[in-house]
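Student: Each of the two chains sits in its own frame; use the hints to bring them together as a complex.
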Amino acid sequence: QKEVEQDPGPLSVPEGAIVSLNCTYSNSAFQYFMWYRQYSRKGPELLMYTYSSGNKEDGRFTAQVDKSSKYISLFIRDSQPSDSATYLCAMTPGTGNKLTFGGGTRVLVKP
Amino acid sequence: ETGVTQTPRHLVMGMTNKKSLKCEQHLGHNAMYWYKQSAKKPLELMFVYNFKEQTENNSVPSRFSPECPNSSHLFLHLHTLQPEDSALYLCASSPSGKGNEQFFGPGTRLTVL
Numbered sequence: 185q186k187e188v189e190q191d192p193g194p195l196s197v198p199e200g201a202i203v204s205l206n207c208t209y210s211n212s213a214f215q216y217f218m219w220y221r222q223y224s225r226k227g228p229e230l231l232m233y234t235y236s237s238g239n240k241e242d243g244r245f246t247a248q249v250d251k252s253s254k255y256i257s258l259f260i261r262d263s264q265p266s267d268s269a270t271y272l273c274a275m276t277p278g279t280g281n282k283l284t285f286g287g288g289t290r291v292l293v294k295p
Numbered sequence: 004e005t006g007v008t009q010t011p012r013h014l015v016m017g018m019t020n021k022k023s024l025k026c027e028q029h030l031g032h033n034a035m036y037w038y039k040q041s042a043k044k045p046l047e048l049m050f051v052y053n054f055k056e057q058t059e060n061n062s063v064p065s066r067f068s069p070e071c072p073n074s075s076h077l078f079l080h081l082h083t084l085q086p087e088d089s090a091l092y093l094c095a096s097s098p099s100g101k102g103n104e105q106f107f108g109p110g111t112r113l114t115v116l
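Residue numbers (the numbering used here), protein chains in the order written: chain A, 185 to 295; chain S, 4 to 116.
Chain S extracted, bound-state conformation (with noise of 0.2 angstroms):
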């Protein structure tokens, strides 16, 4: 496997399911993040983990938890989701903190019914 990879790639899921969304980097990056994307907006920034810590949480509902157990590797748990927290979750990474360039992920496509 090579770049950012996550699982699963499709998700469908009611709003009182509880999922994880993985991602795994092999670049030897040391900063994940979490994004959301939507129709017709911005990316969304989540949350970033840099060296395994959470650096960054962009005033995300305690619904989503992220989990980073090394710097390889971040989950996303889902739990008693809206249907509007429907979108493509994206996972990226990069080297350091100041300035690098992100890789991103496929994303995870999720619905919530």
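Same shape as in the complex, but just chain A (with noise of 0.2 angstroms):
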């Protein structure tokens, strides 16, 4: 079982429709969460990063973590076809500077 599970998609959406995307680990260790996005032939650019459970919101996106369910959820509201990309989770215990990556989740909005 991978540390990290991230379904790769693609997931494709019409423009302004709510994308919704979710990691699940298996390491109860983990305790900072981050969503990345990667543009083709790009590095991955941060987006979220978040300390143990909760929500938080940035504009037009909310990221959620339920540590209870080790499952962590990035939520893009009115999608547009400019955040087509590559998405990332990470997490790490905090105790050293390992961060351990999901797969990605490959996003397609459709104008």
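Hints are computed from structural coordinates only; laboratory data are not their basis.
Don't take every hint at face value.
Straight line, CA to CA, 30 angstroms or less: simulated DSBU-like cross-link-like pairs of lysine-lysine [claimed, not checked]:
1) S:43 with A:254
2) A:254 with A:282
3) A:251 with S:39
4) A:251 with S:43
5) A:240 with A:251
6) A:282 with S:55
Quick list of the computed label-pair ranges, beta carbon to beta carbon [to be verified]:
7) A:208 with S:30: 27 to 37 angstroms
8) A:265 with S:5: 39 to 49 angstroms
9) A:244 with S:21: 19 to 29 angstroms
10) A:210 with S:61: 14 to 24 angstroms
11) S:58 with A:211: 30 to 40 angstroms
Everything numeric in this text was worked out from a predicted model, so none of it was measured.
From the three backbone atoms N, C-alpha and C, an ideal C-beta is built for every residue, glycine too.
Tutor: Encoded structure:
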């Protein structure tokens, strides 16, 4: 079993729809959770950074962490074609600087 | 220059060549990383440096040799690579060790013939 599971997609949605992404993990020591966006042939760009359980909102993006279920989510409201990218979740216990990444979900927002 | 920069952006090399990848961060961070990203696989951590000292070597073959002369610069020296080493090599930096978010460069697309 992988330490972090993420559906590879592709996830195709019409413009304006809500994009819902998630990751599950097995290591209960993870406390810091991140979402990265990666456009084709580019490096990952940090979108959201959260600590422990709860919600965090930034513009059209909302990150949720449910540590009891070992489940994190990213929601993108009013999706735009420019949101088409691969979204990577990442997490760490915080006791070092090693991140564990999911495999990424490819998202396609159609005009 | 801002953020994390990497050169070259693209590299094609033969298996007997020696080349180097360069990374520079302009964020004042203390930790730097090398990752390998292959198609349909999660990001693989290769090396971690904290304050110029290597703190992680994730069982990387010796044909990859990192160098960190200071907290702003990181190199990856390549020699006698294999075709399966073809991938996107990403550099990242972070403020310090514990749970801090990492910021990535654009990567070097490496092709080994």
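Student: Are the hints correct? Go through all of them and say.
Tutor: Checked hints:
1. S:43 with A:254: 23 angstroms, holds
2. A:254 with A:282: Status holds; Cα separation ~19 angstroms.
3. A:251 with S:39: 28 angstroms, holds
4. A:251 with S:43: 27 angstroms, holds
5. A:240 with A:251: 14 angstroms, holds
6. A:282 with S:55: 16 angstroms, holds
7. A:208 with S:30: 27 to 37 angstroms: Between residue 208 of chain A and residue 30 of chain S, where Cβ atoms are some 31 angstroms apart, the hint holds.
8. A:265 with S:5: 39 to 49 angstroms: Roughly 26 angstroms apart at Cβ, these two residues miss the hinted range, so it is violated.
9. A:244 with S:21: 19 to 29 angstroms: 46 angstroms, violated
10. A:210 with S:61: 14 to 24 angstroms: 19 angstroms, holds
11. S:58 with A:211: 30 to 40 angstroms: Hint violated: Cβ distance 20 angstroms, outside 30 to 40 angstroms.
In this structure, the hints that do not hold are numbers 8, 9 and 11, in rising order.
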